[in-house]
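Participant: Sequence:
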Amino acid sequence: MIRADILAESVPFFDGRTPLTRKEFESQLREKGKVYHIFHPFNVMLNTGKATPEQIRFWVANRFYYQIAIPIKDAAIMANCPDRNVRRGWVQRILDHDGFEYGLPNGEKLMDEGGIEAWIRLGVATGLTREEIVDLRHVLPAVRYSVDAYINFARRAPWQEAVCSSLTELFAPDIHKQRLATWPEHYPWIESSGLQYFRNRTSQAPRDVIQGLNLTLEYFNTRALQERALEILKFKLDILWAMNDAMGQHYGITA
1 MIRADILAES VPFFDGRTPL TRKEFESQLR EKGKVYHIFH PFNVMLNTGK
51 ATPEQIRFWV ANRFYYQIAI PIKDAAIMAN CPDRNVRRGW VQRILDHDGF
101 EYGLPNGEKL MDEGGIEAWI RLGVATGLTR EEIVDLRHVL PAVRYSVDAY
151 INFARRAPWQ EAVCSSLTEL FAPDIHKQRL ATWPEHYPWI ESSGLQYFRN
201 RTSQAPRDVI QGLNLTLEYF NTRALQERAL EILKFKLDIL WAMNDAMGQH
251 YGITA
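So the sequence shown is numbered by the UniProt record's numbering: it starts at 1 and just counts up by one.
One or more hints might be untrue.
[Unchecked claim] Simulated crosslink set (BS3-like; lysine-lysine; CA at most 27 Å straight-line):
#: 1; residue 1: K234; residue 2: K177
#: 2; residue 1: K234; residue 2: K32
#: 3; residue 1: K177; residue 2: K50
#: 4; residue 1: K23; residue 2: K34
#: 5; residue 1: K34; residue 2: K234
[Claimed, not checked] Distance windows between CB atoms, simulated:
#: 6; residue 1: G16; residue 2: T52; range: 53 to 59 Å
#: 7; residue 1: E218; residue 2: V91; range: 15 to 21 Å
#: 8; residue 1: S192; residue 2: Q92; range: 24 to 30 Å
#: 9; residue 1: Q249; residue 2: L104; range: 47 to 53 Å
#: 10; residue 1: A79; residue 2: S192; range: 33 to 39 Å
Derived by calculation from the structure, the hints in this document are not laboratory data. We put the beta carbon where it would ideally sit given N, CA and C, even for glycine.
Given only the sequences and the hints, what does the whole structure look like? Please build it.
Facilitator: Following this line, the structure appears as structure tokens:
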């Protein structure tokens with residue numbers, strides 16, 4: 001269940017307790033991966049080859065709403081962050097998803113269409129049309145609610161807390177590698193080019209983890225703040241789980 005009161009919590013800066021060491025704190029953050037949505041029955045169905053083409057299409061269509069929210073979330077973090085050095089590093093995430101185009105002095109252009117476009121290509125490869133992906137007609141209300149809750153948190157929370165909420169990326173490389181390892185065998189009807197998003201993220205996500213994790217370990221340096229960080233990460237994990245709950249209930253889970 002997604003915590004509705006996650007923004008309302010007041011955390012004392014220091015309450016006299018000994019903080020966890022950085023190693024202990026990082027270990028507890030990583031321990032939260034036990035409830036990452038890679039273990040949700042709906043995702044297990046997808047990665048074990050039991051999903052129907054329709055279930056795959058609607059998963060892609062619903063996840064698209066999350067994909068387009070990622071750069072919005074990252075822009076909110078940057079807008080709330082006064083540290084230029086942090087912003088300089090964090091902006092790469094927006095470029096990764098929205099894409100970019102730079103004009104070079106020789107007149108040539110350096111261009112990357114970005115992750116959102118790669119996700120659209122995934123949808124088209126599964127049989128969806130571009131129009132039905134981008135107009136969000138298939139997005140379930142519960143998925144929309146979950147994603148909107150995440151954006152709202154990123155906009156209203158201190159930027160360090162919003163950074164912490166991004167740490168589900170600690171566990172993301174595994175899920176992308178799993179899809180790349182299993183989908184070509186289970187779903188050979190999906191063109192290999194449609195899986196490019198997952199290939200891109202296997203290199204991008206580890207880089208993002210380093211920045212987000214270092215910022216979290218540095219800022220959340222009292223026991224109370226560390227416990228707050230663990231609650232925030234659980235909140236984000238709950239959002240991803242709730243999205244899969246909604247899709248599993250609506251589209252079914254093939255045994």
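Participant: Tell me the hint numbers this structure goes against, listed in increasing order.
Facilitator: Hints that this structure does not satisfy do not exist here, as all of them hold.
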